[in-house]
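Each chain, letter by letter, is given below.
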Amino acid sequence: MLSETTHIIPYRTYFVVLITLLVLTSATITVTWIDLSAFTVLCALLIASFKAGIVMKYFMHLKFESSLFRILVIMVLSIYVLVIILLFFDYLFR
Amino acid sequence: MNRMIMSRDMEHRDDIDSRLGMWVFIFTEILLFGGLFLVYAVMRSKYSHEFHQAALHLNTFVGALNTVVLLISSATVAMSITAVQKGNNKLAVRFLLITLICACIFLINKYFEWGHKIRIGLYPGSDLMITLNHGSIMFFSLYFFMTGLHMLHLIIGAILLTVITFRVKRLSINRDHYVLLENGGLYWHLVDLIWIFLFPLLYLIT
Numbered sequence: 491m492l493s494e495t496t497h498i499i500p501y502r503t504y505f506v507v508l509i510t511l512l513v514l515t516s517a518t519i520t521v522t523w524i525d526l527s528a529f530t531v532l533c534a535l536l537i538a539s540f541k542a543g544i545v546m547k548y549f550m551h552l553k554f555e556s557s558l559f560r561i562l563v564i565m566v567l568s569i570y571v572l573v574i575i576l577l578f579f580d581y582l583f584r
Numbered sequence: 051m052n053r054m055i056m057s058r059d060m061e062h063r064d065d066i067d068s069r070l071g072m073w074v075f076i077f078t079e080i081l082l083f084g085g086l087f088l089v090y091a092v093m094r095s096k097y098s099h100e101f102h103q104a105a106l107h108l109n110t111f112v113g114a115l116n117t118v119v120l121l122i123s124s125a126t127v128a129m130s131i132t133a134v135q136k137g138n139n140k141l142a143v144r145f146l147l148i149t150l151i152c153a154c155i156f157l158i159n160k161y162f163e164w165g166h167k168i169r170i171g172l173y174p175g176s177d178l179m180i181t182l183n184h185g186s187i188m189f190f191s192l193y194f195f196m197t198g199l200h201m202l203h204l205i206i207g208a209i210l211l212t213v214i215t216f217r218v219k220r221l222s223i224n225r226d227h228y229v230l231l232e233n234g235g236l237y238w239h240l241v242d243l244i245w246i247f248l249f250p251l252l253y254l255i256t
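Sequence order for the protein chains is R and B.
491 is the number of the first residue of the first sequence in the numbering used here; add one for each residue after it.
51 is the number of the first residue of the second sequence in the numbering used here; add one for each residue after it.
Chain B extracted, bound-state conformation (with noise of 0.2 Å):
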């Protein structure tokens, strides 16, 4: 009975499972964004002239300071759950808000990347989009659908470090009883984990 915690309140739980759990969760979404790398190997494979002349407009630069960002912020994360662990809950919010502030500018800067291409009419289901050929159409398609896909899940990984990170503020997450904290920062790491493949497939392969 080793792996129940019963604290003071005769409370049950179960931190190893609650993360086995999440990890369950981030398995599906490894096969999710996994479906999706598989329509672009194939893509690839058969327009990869194409692809490589539409890579040549997205901003290799802005694809770096969004890896840079994402990065950091991971890092932050784990660095707030040593916070928690060491019962400096001052700390962590600390190290909680920096990854909240880099996930700000990542969405800006996906803001003004967005921007700047629905501007020049390079859209899905644009004028512009149907006179590109099917390579392109595809590269572009994925463009959209990945990194949107991926932004979805980023701004939803904000949502909950923001909650978690008013629990740490209250002392409701701390010291004993962090595992929220720690299930937020898995799901963080794993919107990091897919953004190291996107960035080099979307923005390097030129």
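Okay, chain R solo, but in the shape it has when bound (with noise of 0.2 Å):
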């Protein structure tokens, strides 16, 4: 069910948010600083998508709208893993 209830973020929270992907940001450079050899893309990518799924459920006020904006992110989200899982099949393995 839609329901019009308008919820305030505070300034503190976005505050909050803010500082975590600046830290998560350091975090990126430092790992690829570090030679994880093969392993430095997969860290800097899930560090880029744990970034990416912050900005969407705070910044982009995903936690607090109705359920249908996140199932059809998941939705979206989950075709495009499967255009690539698709992709890498075919360009691999062939």
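Keep in mind the hints are simulated off the structure, nothing from the lab.
Careful: at least some of the hints might be erroneous.
Unchecked claim - Simulated pairs of lysine to any residue, SDA-like, Cα-Cα distance not exceeding 20 Å:
| no. | chain 1 | residue 1 | chain 2 | residue 2 |
| --- | --- | --- | --- | --- |
| 1 | R | K547 | B | T132 |
| 2 | R | K553 | B | V229 |
| 3 | B | K96 | R | V573 |
Both chains are given apart, each in its own frame, so use the hints to dock them into the complex.
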């Protein structure tokens, strides 16, 4: 059920989220300095995905929207992941 | 009929569906950039060594600075919504101005970054590019196309936010009617989201 309640998010939440994002950014840079060979890209991408999740959840208000929004986002991202998997199946085992 | 808000002048509006429409547009944008990330992924797996070498030419410091600038600008847009919800339009305008200043800093950084590459003759179709190996050509072409398309989105977002700032100042965006600010904010966060992935993939993969 879609409801019309407005949720006012305090400034402090945004500030904490911003600090978290900045810390994660420096973590990404640090990770690429340490040589983890094949895992470097994986680590950087995992941190980036986590950051994107935080941005969508708090800055884009997904946490406070109706579940319809979350379902749609999950569907779109699943389709994209599926496309990546199909592409690499085709590309690597050709 | 709870979803329809009828304001005093009997204006019909539906803020939730308005935001939903914006999200659907954002999905198309995600898939647009998604396609480019797919090209990047395939080319990177094909030319990993060349990509590694070519990425060394990018300035990590400028990339990191732009990341920080974009994150701050995203936070201030989000804060401006809180300010409007609390009825403090003056503070909202200030937050939006910080965002616009951040957008300008980003563009100035990009100007110097691209300007340096173009000065040394490194741009798609240049004489220098043709002499490079295929992997490097792919890397720099993707670099210019992806950051260029992102920059185009950033400029559009900045124009949109400028219009919104004037409306917040004029009080035509207020605590009862602020869905345009929310949608402008969503677009700005999309610009931020794309950069979150562009930064490690282009600047940090060395």
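Hint by hint, here is what the structure shows:
no.	hint	result
1	R/K547 / B/T132	holds, 16 Å
2	R/K553 / B/V229	holds, 17 Å
3	B/K96 / R/V573	holds, 18 Å
This entry satisfies every hint, going by the numbered hints stated previously.
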